[in-house]
Amino acid sequence: MIGFTALELARVQFGFTMSFHIIFPAITIGLAAYLAVLEGLWLWKRDDTYLDLYHFWSKIFAVNFAMGVVSGLVMAYQFGTNWSFYSQFAGSITGPLLAYEVLTAFFLEAGFLGVMLFGWSKVGRGLHFFATVMVALGTMISATWILASNSWMQTPQGHEVINGVVVPVDWLAIILNPSFPYRLAHMVTAAMLSTALFVGASGAWHLLRGNSRPAVKRMFSMALWMVLFTAPLQVVIGDMHGLNTLKHQPAKIAAVEGHWSNTPGEGVPLILFGIPDMDAETTRYKVEIPRLASFILTHSWDGQIPGLKEFAPEDRPNSTILFWAFRVMVGLGSLMVLLGLYGAWARWRRRLFDSPVLTRFALWMGPSGVIALLAGWYVTEIGRQPWVVYGLMRTKDAVSTHSAMTLSLGLVILVAMYFAVFGIGIAYLLRLVKHGPLAHGEDVLEEAPSINQRPARPLSAVDEPLTPKSTES
Amino acid sequence: MGIDLPLIWFLIIGFGVMMYVIMDGFDLGIGILFPFIRSREDRDTMVNTVAPVWDGNETWLVLGGAGLMAAFPKAYAVLLSALYIPALGLLMGLIWRGVSFEFRFKANDAHKPFWDGAFMTGSFVAAFFQGVMLGAFINGHHVVDGVATGGVLAWLTPFNVFTGLGVVVGYALLGATWLILKTEGQLQRLVIRATTPILLATLASLLIVSVWTPLNHPAIAQRWFSLPNFLFFVPVPILVLLSTWATLRSLRAEPHAGPFIWSLILVFLGYSGLVISIWPNILPPDISIWEAAAPPQSLGFALVGALLIIPMILVYTAWSYYVFRGKVKAGEGYH
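For the protein sequence lines, the chains are X and S, in the order given. Take 16 as the starting number for the first sequence in the numbering used here and just add one per residue. Take 1340 as the starting number for the second sequence in the numbering used here and just add one per residue.
Same shape as in the complex, but just chain X (with noise of 0.2 Å):
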């Protein structure tokens, strides 16, 4: 393809791939804990309205789970079709670690969701709860292996290096590496907050079309709690992501802050905007803020982090992406504690359903916790190169040996496949959403009469028809 490397092919495809499926598992696991919490709620308050809830959300939470297997299939293949010879140095230590996914995966399946979405009546409230919590600790569980394995290549740790392969010595050591704990909290974090986002800009959607059920009310009302108190919680955890980087991969974050340079004795300024320029070797149209930096990197006024000049120019990732994807998605943030701050406001007030500001702007931000958490992984991944396991073998060294033509014809296929398959599946989902709750008793599907007593598909869990009614005539 025009003028792009097969390397750089190869980035695009995984990139591209990967940032379709992550929506996915991100929203799964925020929903997960989702309809545990409105399970556990109604079982404890009696409030049928939660029930109701439980019953829209887990249809969606069906078809975006069905979606998360689908383009998870990809996954488990591209290491070795494109990957190759990071495949054969490290798949020692990523296969394993995949493997236990795979496996959790598997068994929240095969154990717990059938219960989830067809068990109503055929199990007590009590298991059916149970089941609940665990399919929601299983989407956990997962993360925690996809994590780890992601966190390894990014702070390695517990193997030796033999014979030019991996061999992991420590486990405990590989799993709990110096950047997996941040990592981890951040990630689940950002699943939650944009789950948050999504189910409030719904309610939003609903409020401002004049639909003020109780359901509606009770879900944007949830979701604002949430992102008041899971937003600052983001930031907190973001800092602490930060701080680890910067001891362990200084290099991403001179890029990320577009620093090329110290000058003795001075603080580093905070660079709000500017363009960093790889081969002028300077952030050009610079704003900033001078020592800003430097509190909140070193939390003194004129501490000093390495400039990507300290690193050779081959070590050096592209410091143009990573400063615009890390501001977009600490922007996003920052807008994410304002919606919380003027919701709490807005609450205090007692104006929280009628506030058709509040509620613009809530159905403005419901997208901004997915495209903040693609931002969040582009900053760390393109923040790792040039290196595919940080310090130990470089991407250009990882790929495999296809040429442009044919890796070309590989994106043009998946892009077209993606767009098409996962386009419609969320348009589909949207249209669920659009449905809005339904009140206890209006919902035919409750009891669940056309699965005959049957172990059935996530997207058996749902009825909605895959076209609009109106064009059928």
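Keep in mind that a hint or two might mislead.
Claimed, not checked - Covered stretches of chain X (in silico footprint by chain S; criterion: 3 or more residues with CB under 8 Å from a CB of chain S, positions within the stretch not fixed):
hint	stretch
1	75–85
2	106–118
3	181–192
4	408–421
5	435–442
Claimed, not checked - Only pairs whose alpha carbons sit at most 25 Å apart, straight line, appear in this in silico DSS-like list of lysine-lysine:
hint	chain 1	residue 1	chain 2	residue 2
6	X	LYS449	S	LYS1445
7	X	LYS449	S	LYS1451
8	X	LYS60	X	LYS137
FYI, nobody ran anything at the bench for these hints, they're computed from the structure. Every residue, glycine too, gets a C-beta built ideally from N, C-alpha and C.
Position chain S relative to chain X; hints supplied.
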């Protein structure tokens, strides 16, 4: 150390692949048979026979991929990289088919033919590329510096295209005999009539591959025709002929489970012939399971999880097949 971990993992992955071939085989076969069954109601019934189990069947494929990477990273890397295009085709076929499977239940009448077509194409493409990968696997890869020589189109040979079509026919046989087991009346009669030619085509493919393989590969020929290997191998073709005959016989009067069981045995025999031909290599012609294996620390660690969870998956699978036993009638859906 007394435990041969690579061997255990070879058995686990071999078992997983066999489970996949047998179970996803018949449900891909349903899609492959779609062009021959025209009525909307019959097609719905066909799909309903596999609706409750098809996605469980595909779990074995994901498990196979992850297991291969964990246990034999070198084989995983070299094979998938050499088979980039067929692997992409297989995955796209499976995704396309999986999605159309779900959406054809939810689409309105105007859109249903589109999703039927997608289901058919996806099933065919997935089966064909599985067969191509099988052929390329038997053909073997010469590995230099961690790369299979031959380039990205090395898999495109007459033999591999033939094994691709062979697998399509074999899956059609599994699909047809599965339908004999699961349906009744007009649809079942239609399928019974179609089964004989499909069975003979499967037998012919097996025979042609069995003659073509040793002609192409002196190493395999030597393995087959030297003692004592020959004695292990000789029952396979005899049993193949026997089970073909048994399938034909069971088709005659009021067939039920017979043809499906016999076809499963037929496919299993083909599979065991494959294993005999390549053993102990995981990357034919010359890289053995011990050379391609991950370090024992990896094999042991992953084995704990596999031994804990695979039995549970098996119990669940058996239970769901038990729950869905019996004939599927027209208009009766699980979806």
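Under 8 Å between beta-carbons, do enough residues of the stretch 75–85 of chain X, three at least, approach chain S for the coverage claim to hold?
Our answer is that it holds, as 3 residues pass the Cβ test (under 8 Å) against chain S, meeting three.
Per-stretch coverage check for the stretch 106–118 of chain X, three Cβ contacts closer than 8 Å to chain S
holds (count 12)
Chain S covers the stretch 408–421 of chain X, three or more CB atoms within 8 Å, holds or violated
It holds, with 5 qualifying residues against the three required.
Given the hint that X:LYS449 pairs with S:LYS1451, does the C-alpha gap stay at or below 25 Å?
Answer holds: X:LYS449 to S:LYS1451 is near 24 Å, not above 25 Å.
Can you take a look at whether the stretch 181–192 of chain X is actually covered by chain S? Rule is 3+ residues, C-beta closer than 8 Å.
holds (count 4)
Checking C-beta pairs, does the stretch 435–442 of chain X have three or more residues closer than 8 Å to chain S?
holds (count 3)
Does the alpha-carbon distance linking X:LYS60 and X:LYS137 stay inside the 25 Å limit?
At roughly 23 Å apart (the allowed maximum being 25 Å), X:LYS137 and X:LYS60 satisfy the hint.
Does S:LYS1445 lie within 25 Å of X:LYS449 when you go C-alpha to C-alpha?
Distance ~17 Å between X:LYS449 and S:LYS1445 Cα, so the pair holds.
In terms of the numbered hints stated before, the structure departs from none.
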